[in-house]
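Visitor: Line order of the protein sequences matches chains A and B.
Residue numbering for the first sequence follows numbering that gives the first Met the number 0, beginning at 0 and increasing consecutively.
Residue numbering for the second sequence follows numbering that gives the first Met the number 0, beginning at 0 and increasing consecutively.
Rather than coming from a laboratory, the hints here were simulated on the basis of the structure.
Given the structure is predicted, the values throughout are model-derived calculations rather than measurements.
Where hints are given, some of them may not hold.
Covered by chain A, per the in silico footprint, the following chain B stretches (three or more residues, Cβ under 8 Å) [what the hints assert, rightly or not]:
1) 42-54
2) 143-155
3) 159-171
Stretches of chain B that chain A covers, calculated by requiring three or more beta carbons in the stretch to come under 8 Å of a beta carbon on chain A [unchecked claim]:
4) 7-16
5) 85-98
Beta carbons are placed, not taken as given, at the ideal position from N, Cα and C, and that holds for glycine.
There are 2 protein chains.
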Amino acid sequence: MAGGDELSGRIEFLLEIDKLKSVLRRSLLVDGSRFENTAEHSWHLAMAVMVLAPHAPEGADVVRAMEILLIHDLVEIDAGDTYIYDEAGRADKEARERAAADRIFHLLPADQARRVDELWREYEERRTPTARFAYAIDRLQPLLLNAGSDGASWRRHGIRHSQARAVNQAIAEAAPDLWELARSLLDACAAEGSLADDRPTRTP
Amino acid sequence: MAGGDELSGRIEFLLEIDKLKSVLRRSLLVDGSRFENTAEHSWHLAMAVMVLAPHAPEGADVVRAMEILLIHDLVEIDAGDTYIYDEAGRADKEARERAAADRIFHLLPADQARRVDELWREYEERRTPTARFAYAIDRLQPLLLNAGSDGASWRRHGIRHSQARAVNQAIAEAAPDLWELARSLLDACAAEGSLADDRPTRTP
Numbered sequence: 000m001a002g003g004d005e006l007s008g009r010i011e012f013l014l015e016i017d018k019l020k021s022v023l024r025r026s027l028l029v030d031g032s033r034f035e036n037t038a039e040h041s042w043h044l045a046m047a048v049m050v051l052a053p054h055a056p057e058g059a060d061v062v063r064a065m066e067i068l069l070i071h072d073l074v075e076i077d078a079g080d081t082y083i084y085d086e087a088g089r090a091d092k093e094a095r096e097r098a099a100a101d102r103i104f105h106l107l108p109a110d111q112a113r114r115v116d117e118l119w120r121e122y123e124e125r126r127t128p129t130a131r132f133a134y135a136i137d138r139l140q141p142l143l144l145n146a147g148s149d150g151a152s153w154r155r156h157g158i159r160h161s162q163a164r165a166v167n168q169a170i171a172e173a174a175p176d177l178w179e180l181a182r183s184l185l186d187a188c189a190a191e192g193s194l195a196d197d198r199p200t201r202t203p
Numbered sequence: 000m001a002g003g004d005e006l007s008g009r010i011e012f013l014l015e016i017d018k019l020k021s022v023l024r025r026s027l028l029v030d031g032s033r034f035e036n037t038a039e040h041s042w043h044l045a046m047a048v049m050v051l052a053p054h055a056p057e058g059a060d061v062v063r064a065m066e067i068l069l070i071h072d073l074v075e076i077d078a079g080d081t082y083i084y085d086e087a088g089r090a091d092k093e094a095r096e097r098a099a100a101d102r103i104f105h106l107l108p109a110d111q112a113r114r115v116d117e118l119w120r121e122y123e124e125r126r127t128p129t130a131r132f133a134y135a136i137d138r139l140q141p142l143l144l145n146a147g148s149d150g151a152s153w154r155r156h157g158i159r160h161s162q163a164r165a166v167n168q169a170i171a172e173a174a175p176d177l178w179e180l181a182r183s184l185l186d187a188c189a190a191e192g193s194l195a196d197d198r199p200t201r202t203p
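Just chain A, with the same shape it has in the complex (with noise of 0.2 Å):
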């Protein structure tokens, strides 16, 4: 067959990212039944590129923005899930996500294997407009799915309303109206209970 041996390795990387179906999240579904795993959560940052696409900056590429999510935690198969508020595991997370990628990506044949490798890299680097767009639903959906679900992930972490909010503070440069919302989830879900309330008491 044409090309029988690019067809090879692009099979073979298919049934090798198969196990990011078995890379578990901190997220609890919206029904709180079980952990999320990572390969749900790409397709539901996706989904929601292509819904929250008309609250987007100016500049970003939505349909490279679906992209990169759809890549952006291969890695994780190696390197496993590092909690966004866990500080001691993001020590590291550098170099065993870019070992990582290095065997992963490179199941694929050398053009292709690049092209995953540069989308992986421009959202690691924040530095596009569609990096930060894909950075700020990529924080959202957590908050959307804890949210949903009585604050599941954070109350078993003892997470606060500060902490949460110095994570998702990302998404207020790329998408003011997503952190309009973002925020007022989180005084919401601080006021009932869901997000350890930690808030400063207002001066009357």
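Dock chain B against the given chain A, drawing on the hints supplied.
Guide: Showing chain B alone in chain A's frame:
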């Protein structure tokens, strides 16, 4: 906030489609550990489009095929997954899925609901090279999972080589390279017994 009502609809839709992560399919993961759900399946299909784009037929819009595959199974939230080999279940599939589409897509603002509906109908009608490529990918992926897991799902349901070949024949029109691969996988699976071998015996 500008367009607040539209944003609320988008968020409601994103929370609703979280349910797709709880719709189980008949395929097992490659490692055989559990059934695949439809959300992670949809992610895998979008990845397969990205990676197998060089095998797409002339005139296929690869980005659109990816979007089609991200949304094509949303109707299963209400209608459930109908097994490709379940002929009785397929009889009223169309009506059940049409009702599901009407409910779920219309959580979105009207213009977005219309676009998702168009993508879904394009897939269902299979008239364009884009839809035929998307369908071929949707056939090939479970075949890869089955071949990769020693026919776990085929064995459970006693699927025969002739059935698998008939169901996957659609790959032939859309992507001859992929059909050549599929055909050789099906033959190998029949030969090793992970697919019931009803191939006609060859005269010498």
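Visitor: Now look at each hint and say whether the structure bears it out.
Guide: Taking the hints in turn, this is what the structure says about them:
1. 42-54: holds (count 10)
2. 143-155: holds (count 3)
3. 159-171: The restraint on the region 159-171 of chain B is violated, since only 0 of its residues have a Cβ under 8 Å from chain A and three are required.
4. 7-16: holds (count 6)
5. 85-98: violated (count 0)
Hints 3 and 5 from the list above are not met by this structure, while the remaining hints are.
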